[in-house]
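**Q** Sequence:
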Amino acid sequence: MLLAILYLMMQRQVQKAIAFAKKAHGGQMRKTGDPYLTHCIHTGRILAALVPSSGKRAVETIVAGILHDVVDDTCQSLHDIETEFGDDVAELVASVSKLSYINQLLRRHRRVNVNQGVLGQEEASNLRVMLLGMIDDPRAVLIKLADRLHNMRTIYALPLHKAQAVAEETLIIWCSLASRLGLWALKAELEDLCFAVLQPQIFQNMRADLASMWSPSSRTGSSRRLYVKGSLIPLDEKSSTSFHNKSLTFNEGVCSMKDLLEAVVPFDVLLDRRKRANFLYSIANNLETCTIPKVVQDAGLALASLVICEEALERELVMSASYVPGMEVTLSSRLKSLYSIYSKMKRKDTSIGKVYDARALRVVVGDKNGTLHGPAVQCCYSLLDIVHRLWTPIDGEFDDYILNPKPSGYQSLHTAVEGPDNSPLEVQIRTQRMHEDAEHGLAAHWLYKENGNPFSSVDGMDTPVTDASSYFSKGIEEKNSSDILLSEYKSLKAGHPVLRVEGSHLFAAVIIGVENEERELLVAVSFGLAASEAVADRRSFFQNKRWEAYARLYKKVSDEWWFEPGHGDWCTCLEKYTLCQDGMYHKQDQFGRLLPTFIQLINFTEQEESEYWAVVSAVFEGKQVDSIASQSKFDLIPSTSVDAHINNKVHLLRTMLSWEEQLWSEVSINQAKHDAKFDDARGPLNLGEVVIICWPHGEIMRLKAGSSAVDAAQRTGLEGKLVLINGHLVLPNTKLKDGDVLEVRI
Numbered sequence: 001m002l003l004a005i006l007y008l009m010m011q012r013q014v015q016k017a018i019a020f021a022k023k024a025h026g027g028q029m030r031k032t033g034d035p036y037l038t039h040c041i042h043t044g045r046i047l048a049a050l051v052p053s054s055g056k057r058a059v060e061t062i063v064a065g066i067l068h069d070v071v072d073d074t075c076q077s078l079h080d081i082e083t084e085f086g087d088d089v090a091e092l093v094a095s096v097s098k099l100s101y102i103n104q105l106l107r108r109h110r111r112v113n114v115n116q117g118v119l120g121q122e123e124a125s126n127l128r129v130m131l132l133g134m135i136d137d138p139r140a141v142l143i144k145l146a147d148r149l150h151n152m153r154t155i156y157a158l159p160l161h162k163a164q165a166v167a168e169e170t171l172i173i174w175c176s177l178a179s180r181l182g183l184w185a186l187k188a189e190l191e192d193l194c195f196a197v198l199q200p201q202i203f204q205n206m207r208a209d210l211a212s213m214w215s216p217s218s219r220t221g222s223s224r225r226l227y228v229k230g231s232l233i234p235l236d237e238k239s240s241t242s243f244h245n246k247s248l249t250f251n252e253g254v255c256s257m258k259d260l261l262e263a264v265v266p267f268d269v270l271l272d273r274r275k276r277a278n279f280l281y282s283i284a285n286n287l288e289t290c291t292i293p294k295v296v297q298d299a300g301l302a303l304a305s306l307v308i309c310e311e312a313l314e315r316e317l318v319m320s321a322s323y324v325p326g327m328e329v330t331l332s333s334r335l336k337s338l339y340s341i342y343s344k345m346k347r348k349d350t351s352i353g354k355v356y357d358a359r360a361l362r363v364v365v366g367d368k369n370g371t372l373h374g375p376a377v378q379c380c381y382s383l384l385d386i387v388h389r390l391w392t393p394i395d396g397e398f399d400d401y402i403l404n405p406k407p408s409g410y411q412s413l414h415t416a417v418e419g420p421d422n423s424p425l426e427v428q429i430r431t432q433r434m435h436e437d438a439e440h441g442l443a444a445h446w447l448y449k450e451n452g453n454p455f456s457s458v459d460g461m462d463t464p465v466t467d468a469s470s471y472f473s474k475g476i477e478e479k480n481s482s483d484i485l486l487s488e489y490k491s492l493k494a495g496h497p498v499l500r501v502e503g504s505h506l507f508a509a510v511i512i513g514v515e516n517e518e519r520e521l522l523v524a525v526s527f528g529l530a531a532s533e534a535v536a537d538r539r540s541f542f543q544n545k546r547w548e549a550y551a552r553l554y555k556k557v558s559d560e561w562w563f564e565p566g567h568g569d570w571c572t573c574l575e576k577y578t579l580c581q582d583g584m585y586h587k588q589d590q591f592g593r594l595l596p597t598f599i600q601l602i603n604f605t606e607q608e609e610s611e612y613w614a615v616v617s618a619v620f621e622g623k624q625v626d627s628i629a630s631q632s633k634f635d636l637i638p639s640t641s642v643d644a645h646i647n648n649k650v651h652l653l654r655t656m657l658s659w660e661e662q663l664w665s666e667v668s669i670n671q672a673k674h675d676a677k678f679d680d681a682r683g684p685l686n687l688g689e690v691v692i693i694c695w696p697h698g699e700i701m702r703l704k705a706g707s708s709a710v711d712a713a714q715r716t717g718l719e720g721k722l723v724l725i726n727g728h729l730v731l732p733n734t735k736l737k738d739g740d741v742l743e744v745r746i
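Under the UniProt record's numbering, the first residue of the sequence shown is numbered 1, with each subsequent residue one higher.
Derived from the structure by calculation, the hints contain no laboratory data. Be aware that a few hints might be false.
[Said to hold, decoys possible] Pairs of lysine-lysine, DSS-like flavour, derived with a Cα cap of 27 Å:
#1 K16 - K56
#2 K258 - K348
#3 K16 - K31
#4 K493 - K623
#5 K162 - K31
#6 K368 - K294
#7 K623 - K735
#8 K258 - K294
#9 K556 - K623
#10 K576 - K556
#11 K98 - K22
#12 K737 - K704
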């Protein structure tokens, strides 16, 4: 009942905003010939797909999105908006208006400073003021991105040279900002819209190549185990996706700009099954009644192939109902933007058939808001086993970012397989908490925190199961493959910790011996040391207790003089593992057979490696481990009284400052990118100030460049007290840097 009331209130607010915008923009028309109100409504719809379906902040964001151009383009004032919709909506509209300064800044820079190659001091200072204004309420960025996205969807109404200028500006500014904020789906659509305008021929040809790869007619039989491992046949290197350095103009061989833009699948269609079904149904219906451009048909084929893959995995999950007892699993899918595929092909100098993540399925395991995170991690590995039974894995394309998170903290299992059409398909598997960290982004997470779980359950799922061991190689035979794989493991040595994975069973293990030039490992497995909680909490602040468990296992084996496979006791056993062509070490039984069980190496940072071997040394010498200092690589701010809101603010500030440097660099390239002296002449961003955040209340403080910790303490009125920077006690003369977190302890 309460949800129904909230929904009704939200609907009334949105309808009121539309009526207000209709009156304000009355008589105004867009270049497309549509009433200006259509832009306001579409902006609101885009925002509705980005924010939660309820909540005060979400409603305010949508309302402000509908009204975002009222102040700049009509006779209505901010006071009028404040009177009708309140202070928060008025402030959001004002913030969106200020964000337009970025576009003005770069346009003026191109016009006035074409030979200078850098932003002027005043321009850079104004840019920073605007960026800092985003920190307290990033919803303004969401609104501006939604506004730009709809403008790009309708950019065909502009002359070609203007459309290309706007597309370049969008790539430099708004796509990079969306990336920094973690708005990946919106960023992907923006990139493809820009790509269609700037490189129409390549865009069209890549659409055709992917549709050809993924169409039903490309199938040669069952998707199960029908190809020789490692024998992927690349597309002709002289195919239509060969690269050109210069932009192409629209000609007889290229569709109209409007057709190409329609061939970009809207991000909300990819995220919503009902919208996706309607999109495909619309294309099918129009095929019968009128002629649809081939590039749009190709987009439909790509999307349909994704649906086929998703349904196949759903069926398999239903058949394997024991994979996650009592937990919720959400299955979704995405198409990589053509622009990202194009960039990856150029960067890696490879063909389109070798871009294994051009389409992907994502499986999210519910963890009851983190309370069942350990069991959820176990389920991730169980689901990985199911995926590998369903489709043939591609050699060397499995990455375990759960055990070994990326520097950003990103966690997920990634595997590439041969899909139903015998073309590459990536599958990502993660827990709900990992997914929220990775996908919602800073701005969206700020909205989601006032709501419950945004995930919905999977409707239904199936497929027969084949022999689990049939897809493993019998070791490495080819010298080239051996050299490539062994180079990754050349530093392995006895004592290194690993994770043993057998379906959903995760156990701590440690390497006891390295044999046959790193091709074979002797590993001690502790069956009494379940590792699911340790893996789930890899990002914890203190890891010495975990390192101590591995070290004691290593010492136990050494003390007992166990040195052959099969040695051990009731809870510890030595096993042999062999490096296979899939790039992983698989268990070898007493008959020489390779089994699905495998081990994952724990990759150390320099700090973790130093800490681990210090713990090992202490354990072997019988010393206390507690005295060894340990600090997580993810430790960004003081650990006392951690407040999620301030953490997000710190993260967002650092993200925006980093993006400012990126933008500075992008703009600086301009005319001077071919000048050899340019790189030497251009120094780091220097505005004569540093920006820090004061703990624990989150105030942003701006100080002169070169200011020290004592200067900041004086500013707060707490001179002479203990000062911590980023959680560490520092000397008073310690210089401050952009994004530092200052804490003065009384």
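**Q** With reference to the structure, classify each hint as holding or not holding.
**A** Quick rundown of the hints versus the structure:
1. K16 - K56: 15 Å, holds
2. K258 - K348: Violated, at roughly 31 Å.
3. K16 - K31: Cα-Cα ~26 Å, so holds.
4. K493 - K623: 23 Å, holds
5. K162 - K31: Given that 27 Å is the threshold and the Cα spacing comes to 13 Å, the pair holds.
6. K368 - K294: 45 Å, violated
7. K623 - K735: Violated - the C-alpha atoms of K735 and K623 are around 38 Å apart, more than 27 Å.
8. K258 - K294: 13 Å, holds
9. K556 - K623: 16 Å, holds
10. K576 - K556: 18 Å, holds
11. K98 - K22: 23 Å, holds
12. K737 - K704: Since the Cα atoms of K737 and K704 sit roughly 10 Å apart, the hinted pair holds (cutoff 27 Å).
Going through the hint list in order, the structure does not satisfy hints 2, 6, 7.
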